Amino acid sequence: MRATTDQTLTPGLQLQLYLLTGLVLLPHVIHLPLPVSLFLFATLSWRLASLRLPRLQPGRWLLIPVTLVAVFLIYSQHQTLLGRDAGVSLLSVMLVLKTLEVRKRRDLTVTVFIAYFVIVTQFLFDQSFLLLIYLLLVLIGHTALLMAIQQVTPPQRLFDPYRKTFWIALQALPIALILFVLFPRLTHPLWHFGYDASAVTGLSDRVSPGTISQLIQSSETAFRVSFKQTPPPREDWYWRALVLWDTDGRSWFTRKNQPLSATTPRLVPLSQAVEYKIFLEPHRQHWLYALDLPAITHSGAELTPDFLLHAQSRVTRPIQYEGLSFTEYRIQDLSPAHRTRALALGEGVTDRQRRLVHEWQADNADAERIVERALDYFHRNPFVYTLNPPAYRDNPIEQFLFESREGFCEHYASAFTQLMRLAGVPARMVVGFQGGEYNRLGDYYTIRNYDAHAWSEVWFEQRGWVRIDPTAAVAPERVRNSIQPGVGGIGDPVRFLQGQGGLIQSALNDLGMLLDTAEVNWREWVLGFNRDQQFSLLRGLGFGFWRSGGWSILAVVLVVSVLGLIGLRLWLKARLKLSPTIRLYRRFCHRMAAIGLPRAPQEGPLDFSIRSCRLRPDLAPQIRAITRLYIGLRYGPRETRPQRLALAEQVRRFRPRRLSRAE
Amino acid sequence: MISLAPPDWLLRFRRRARADGKGGVVIRPRSIYILPTRQGMLLALVLLLMLAGSINYGSNLGHLVTFLLGGIWLSTIIHTWRNLLGLTLQPGQTAPVFAGQSALFQIQITNPSSLSRFGISLKQKNLQGEATDLPPNERRLLHLSIPTEHRGVLNLPQISIHTVYPFGLFHAWSYAELDTHCLVYPQPATSGSPPVEASYTRSDDGDRGVGADDFVGLRSYRQGDSPRHIDWKAFARQRGLLSKQFGGDRTERLQLDWDLLPPLDTEQRLSLLCRFILHAEGESLSYGLRLPGVTIDPGQGEHHKQLCLAALATFEGSA
Numbered sequence: 001m002r003a004t005t006d007q008t009l010t011p012g013l014q015l016q017l018y019l020l021t022g023l024v025l026l027p028h029v030i031h032l033p034l035p036v037s038l039f040l041f042a043t044l045s046w047r048l049a050s051l052r053l054p055r056l057q058p059g060r061w062l063l064i065p066v067t068l069v070a071v072f073l074i075y076s077q078h079q080t081l082l083g084r085d086a087g088v089s090l091l092s093v094m095l096v097l098k099t100l101e102v103r104k105r106r107d108l109t110v111t112v113f114i115a116y117f118v119i120v121t122q123f124l125f126d127q128s129f130l131l132l133i134y135l136l137l138v139l140i141g142h143t144a145l146l147m148a149i150q151q152v153t154p155p156q157r158l159f160d161p162y163r164k165t166f167w168i169a170l171q172a173l174p175i176a177l178i179l180f181v182l183f184p185r186l187t188h189p190l191w192h193f194g195y196d197a198s199a200v201t202g203l204s205d206r207v208s209p210g211t212i213s214q215l216i217q218s219s220e221t222a223f224r225v226s227f228k229q230t231p232p233p234r235e236d237w238y239w240r241a242l243v244l245w246d247t248d249g250r251s252w253f254t255r256k257n258q259p260l261s262a263t264t265p266r267l268v269p270l271s272q273a274v275e276y277k278i279f280l281e282p283h284r285q286h287w288l289y290a291l292d293l294p295a296i297t298h299s300g301a302e303l304t305p306d307f308l309l310h311a312q313s314r315v316t317r318p319i320q321y322e323g324l325s326f327t328e329y330r331i332q333d334l335s336p337a338h339r340t341r342a343l344a345l346g347e348g349v350t351d352r353q354r355r356l357v358h359e360w361q362a363d364n365a366d367a368e369r370i371v372e373r374a375l376d377y378f379h380r381n382p383f384v385y386t387l388n389p390p391a392y393r394d395n396p397i398e399q400f401l402f403e404s405r406e407g408f409c410e411h412y413a414s415a416f417t418q419l420m421r422l423a424g425v426p427a428r429m430v431v432g433f434q435g436g437e438y439n440r441l442g443d444y445y446t447i448r449n450y451d452a453h454a455w456s457e458v459w460f461e462q463r464g465w466v467r468i469d470p471t472a473a474v475a476p477e478r479v480r481n482s483i484q485p486g487v488g489g490i491g492d493p494v495r496f497l498q499g500q501g502g503l504i505q506s507a508l509n510d511l512g513m514l515l516d517t518a519e520v521n522w523r524e525w526v527l528g529f530n531r532d533q534q535f536s537l538l539r540g541l542g543f544g545f546w547r548s549g550g551w552s553i554l555a556v557v558l559v560v561s562v563l564g565l566i567g568l569r570l571w572l573k574a575r576l577k578l579s580p581t582i583r584l585y586r587r588f589c590h591r592m593a594a595i596g597l598p599r600a601p602q603e604g605p606l607d608f609s610i611r612s613c614r615l616r617p618d619l620a621p622q623i624r625a626i627t628r629l630y631i632g633l634r635y636g637p638r639e640t641r642p643q644r645l646a647l648a649e650q651v652r653r654f655r656p657r658r659l660s661r662a663e
Numbered sequence: 664m665i666s667l668a669p670p671d672w673l674l675r676f677r678r679r680a681r682a683d684g685k686g687g688v689v690i691r692p693r694s695i696y697i698l699p700t701r702q703g704m705l706l707a708l709v710l711l712l713m714l715a716g717s718i719n720y721g722s723n724l725g726h727l728v729t730f731l732l733g734g735i736w737l738s739t740i741i742h743t744w745r746n747l748l749g750l751t752l753q754p755g756q757t758a759p760v761f762a763g764q765s766a767l768f769q770i771q772i773t774n775p776s777s778l779s780r781f782g783i784s785l786k787q788k789n790l791q792g793e794a795t796d797l798p799p800n801e802r803r804l805l806h807l808s809i810p811t812e813h814r815g816v817l818n819l820p821q822i823s824i825h826t827v828y829p830f831g832l833f834h835a836w837s838y839a840e841l842d843t844h845c846l847v848y849p850q851p852a853t854s855g856s857p858p859v860e861a862s863y864t865r866s867d868d869g870d871r872g873v874g875a876d877d878f879v880g881l882r883s884y885r886q887g888d889s890p891r892h893i894d895w896k897a898f899a900r901q902r903g904l905l906s907k908q909f910g911g912d913r914t915e916r917l918q919l920d921w922d923l924l925p926p927l928d929t930e931q932r933l934s935l936l937c938r939f940i941l942h943a944e945g946e947s948l949s950y951g952l953r954l955p956g957v958t959i960d961p962g963q964g965e966h967h968k969q970l971c972l973a974a975l976a977t978f979e980g981s982a
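Line order of the protein sequences matches chains A and B.
Residue numbering for the first sequence follows our numbering, beginning at 1 and increasing consecutively.
Residue numbering for the second sequence follows our numbering, beginning at 664 and increasing consecutively.
Just so you know, these hints were derived from the structure itself, not from any lab.
Since the structure is predicted, the reported quantities are computational estimates derived from the model, not experimental observations.
Cβ atoms here follow ideal geometry from the backbone N, Cα and C, with glycine treated the same way.
Worth double-checking, as some hints may not be accurate.
Unchecked claim - No more than 30 Å apart at the CA atoms, straight line, and that leaves these computed lysine-lysine pairs for DSSO-like:
#1 Lys573(A) / Lys164(A)
#2 Lys573(A) / Lys786(B)
#3 Lys164(A) / Lys786(B)
#4 Lys164(A) / Lys104(A)
#5 Lys104(A) / Lys786(B)
#6 Lys896(B) / Lys907(B)
#7 Lys788(B) / Lys104(A)
Said to hold, decoys possible - Sample of chain A residues facing chain B (criterion: CB under 10 Å; computed from the structure):
#8 Ile114
#9 Gln127
#10 Thr165
#11 Pro318
#12 Leu527
To be verified - Distance windows between CB atoms, simulated:
#13 Ser765(B) / Pro58(A): 39 to 49 Å
#14 Ala715(B) / Leu158(A): 34 to 44 Å
#15 His310(A) / Ala715(B): 21 to 31 Å
#16 Pro58(A) / Val689(B): 48 to 58 Å
#17 Ser765(B) / Leu158(A): 32 to 42 Å
#18 Glu801(B) / Gly83(A): 46 to 56 Å
#19 Glu801(B) / Gln602(A): 35 to 45 Å
#20 Gly964(B) / Lys573(A): 49 to 59 Å
#21 Arg569(A) / Val689(B): 12 to 22 Å
#22 Ala715(B) / Gly346(A): 40 to 50 Å
#23 Gln602(A) / Gly964(B): 28 to 38 Å
#24 Leu565(A) / Val689(B): 18 to 28 Å
#25 Arg679(B) / Asn521(A): 52 to 62 Å
#26 Arg163(A) / Val689(B): 28 to 38 Å
The shape of chain A in the complex, shown without the other chains (with noise of 0.2 Å):
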């Protein structure tokens, strides 16, 4: 509608566009495939240099054939054009191709809308506080443009427009917050796009020698958790994900479509029941990790038979949830189905095995006797707990037992299960983490993939499943710290993380403490924000007797609220300003007004000033004073601060009085 819409845009404003392009491009480099980063590079510096070199700029015959080998190179890379990462490269290649026939004004603004979804495509990769602030840096950039445009002549400084939509961007920020908190947030995805397979580092639900502890060597963060009261002992820290029943003799997994047994096993809590809360990072899985033993669950999970967590969903997001468990137990009812099946062998199972076993059953047959001798063959033979040990090929289990005997946790654990199942006793292998890191400024414990673990559960007939870590019987110190990752080499043993060094060590742990509790925080109330935080949070606020529909009112009310306040602060500042000069001169008018002498519309100061001179011959000095200070003031080259000060000492002094009538 404006005369200046059609107008090309300026180089400048071009280049702006177009290197803020190139920024909010920068941090998908990490997630998009090879080709099309660059491709979106070559695009952009083509972009860039026709600036530049204005027969470099492409006509449009020559965008389709850009255009169609993008599209072809995405679909080579990602075998699609549909789900979250294909869409975001065609995303992506839809912006630069975009700029590639930017002329007008009008194009500016399409191209800053596409960049505004890319920005949000961001967070489905990454969600971390430093990202949202060089988005929203970003973003504030972009909208920049938007006023750039509008403005008929060009800003006189370069980052005017900028400097002014920061400002709006934090009037509006009160609005966005409001909206965040009260918005209804839902537990399930509208629809599905499938899930992408993305690298994911975290347990998976088949154990081989080795996947944990290539595990080990992430410090990622698997989960957070805080005590509700004084903490179990840290030796009964083993977080549970997965419970391993069946073997190849190789791995260990689950086999899916299992008979589930006629009886829920029943838990008979044997000590003070344990209350903790878990920050869950989203590891893509169904999987919750409870504390050994769980007896509750949550809404939009289940715990499953054999006392799991299993969520509904997959946790594509950070997710949190309240957790009681019993770290003194007993369980009961092991129906044969099950009996069988914790029995079963896989392949592998050698003479040697056999004999061992034998000569442990010709001891003592009881089952208890038979787990402490075996535990007591782990801890007698020079066996090395390391997080490097050889590859072994044929028969895992096998060689770790009585060649090599260097091994890790899933070592100790499948060779020990399968030497239990040998000698009659019921066990399974059971995966997850152990241990925890406190932090004392959030008094709260990180579990980090280099805390997985892997340990057994074999079935005492009196007692029901009983936790046996084999592990503990080499390594006593890994229940009790954690591994230090990254050091030692092939075979060498285990380093544990242990006390604390010099001040810069300590300095530094604080540090990480600190940062550690800030992201928690910032999971917990911002990534982790959900309905259940939603609702408790407005139950905190005062709001909890109102339903979403209140709430929605409420959003409304308080929108309309802010918006009326920037309102108000804007239409108090666009009013129209009297410099103090013209308030002094109109309190000057008033008072000769009082005593019947008021100045007429139309009439200027001088001629004002003449004719109450004329009526008023006993105050002419001081009329004539003001006035001349006035229209100096008033017309005079500059105000100056000396003159106005007079004025307002003369208006001050000013208090003419109405003749009487006798006079």
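Following the hints, put chain B in place on chain A, whose structure we already have.
Below, chain B without anything else, positioned relative to chain A:
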């Protein structure tokens, strides 16, 4: 956006800023209209898509960014409104034009506040005026050209002042009725010449001897007269040295008279008169104008021309 402006029947109820005593208006808070522009609607759509994506992927940061843009979108309403608020419009001088030309109205926009205003433009119906930025406490002169069809006094129709600043998402406008006008002269006729017989009157005491075309009379010789102008025949008749006098253009005055025009309708006659006036002024003739009820004594010069043309423009009709 023009297309988003309310329909005409609704416009009868619209608020507008009316002229004060000096013909100017102040844009008051409640006389400003705001609607989203096409781009504003497009962004709203983009935001809805972003929100749907954020909900679907459970991205709280996506929610946050979407809501921030939504907040900017909403607060833009106020910023756009504020961009017009308190501006004053004052009519300036408007030069008269001939019918068919565009009247160029000058309108002074003053920003009396300490806030800068940007992208302010004027419009009359669909006629786009100029756009300007207004730094604090500054004034700018904008031109609005309105085509004219008929002679007469063209009162500035209701105009509107527009802005889409800051982000082009919302369009704020306000209607203003400024008290100013433009004088529209009749369109000069393309052909026709003054009726010669009656309209040229000989000057009673014209500047004798100045011209060179027509013989006017004789006078006694003066020093410096061209020998070629001496009436040698008279000299031969012993009447002394006499110089022939020739009258020039300026010795005649053109009296442009309504009644002497061919029997055409009023507007055509006015067009003809307009043409004669322009022609006479161009030829540096002295001319007067006589219309029913209006008589302008002969004269010459720009001011005189304006006077005559104004008489044509404001002519009410023959008796």
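Verification of the hints:
{"no.": "1", "hint": "Lys573(A) / Lys164(A)", "result": "15 Å, holds"}
{"no.": "2", "hint": "Lys573(A) / Lys786(B)", "result": "26 Å, holds"}
{"no.": "3", "hint": "Lys164(A) / Lys786(B)", "result": "27 Å, holds"}
{"no.": "4", "hint": "Lys164(A) / Lys104(A)", "result": "23 Å, holds"}
{"no.": "5", "hint": "Lys104(A) / Lys786(B)", "result": "22 Å, holds"}
{"no.": "6", "hint": "Lys896(B) / Lys907(B)", "result": "11 Å, holds"}
{"no.": "7", "hint": "Lys788(B) / Lys104(A)", "result": "25 Å, holds"}
{"no.": "8", "hint": "Ile114", "result": "8 Å, holds"}
{"no.": "9", "hint": "Gln127", "result": "6 Å, holds"}
{"no.": "10", "hint": "Thr165", "result": "8 Å, holds"}
{"no.": "11", "hint": "Pro318", "result": "9 Å, holds"}
{"no.": "12", "hint": "Leu527", "result": "5 Å, holds"}
{"no.": "13", "hint": "Ser765(B) / Pro58(A): 39 to 49 Å", "result": "41 Å, holds"}
{"no.": "14", "hint": "Ala715(B) / Leu158(A): 34 to 44 Å", "result": "36 Å, holds"}
{"no.": "15", "hint": "His310(A) / Ala715(B): 21 to 31 Å", "result": "29 Å, holds"}
{"no.": "16", "hint": "Pro58(A) / Val689(B): 48 to 58 Å", "result": "50 Å, holds"}
{"no.": "17", "hint": "Ser765(B) / Leu158(A): 32 to 42 Å", "result": "38 Å, holds"}
{"no.": "18", "hint": "Glu801(B) / Gly83(A): 46 to 56 Å", "result": "55 Å, holds"}
{"no.": "19", "hint": "Glu801(B) / Gln602(A): 35 to 45 Å", "result": "25 Å, violated"}
{"no.": "20", "hint": "Gly964(B) / Lys573(A): 49 to 59 Å", "result": "52 Å, holds"}
{"no.": "21", "hint": "Arg569(A) / Val689(B): 12 to 22 Å", "result": "20 Å, holds"}
{"no.": "22", "hint": "Ala715(B) / Gly346(A): 40 to 50 Å", "result": "48 Å, holds"}
{"no.": "23", "hint": "Gln602(A) / Gly964(B): 28 to 38 Å", "result": "32 Å, holds"}
{"no.": "24", "hint": "Leu565(A) / Val689(B): 18 to 28 Å", "result": "24 Å, holds"}
{"no.": "25", "hint": "Arg679(B) / Asn521(A): 52 to 62 Å", "result": "54 Å, holds"}
{"no.": "26", "hint": "Arg163(A) / Val689(B): 28 to 38 Å", "result": "29 Å, holds"}
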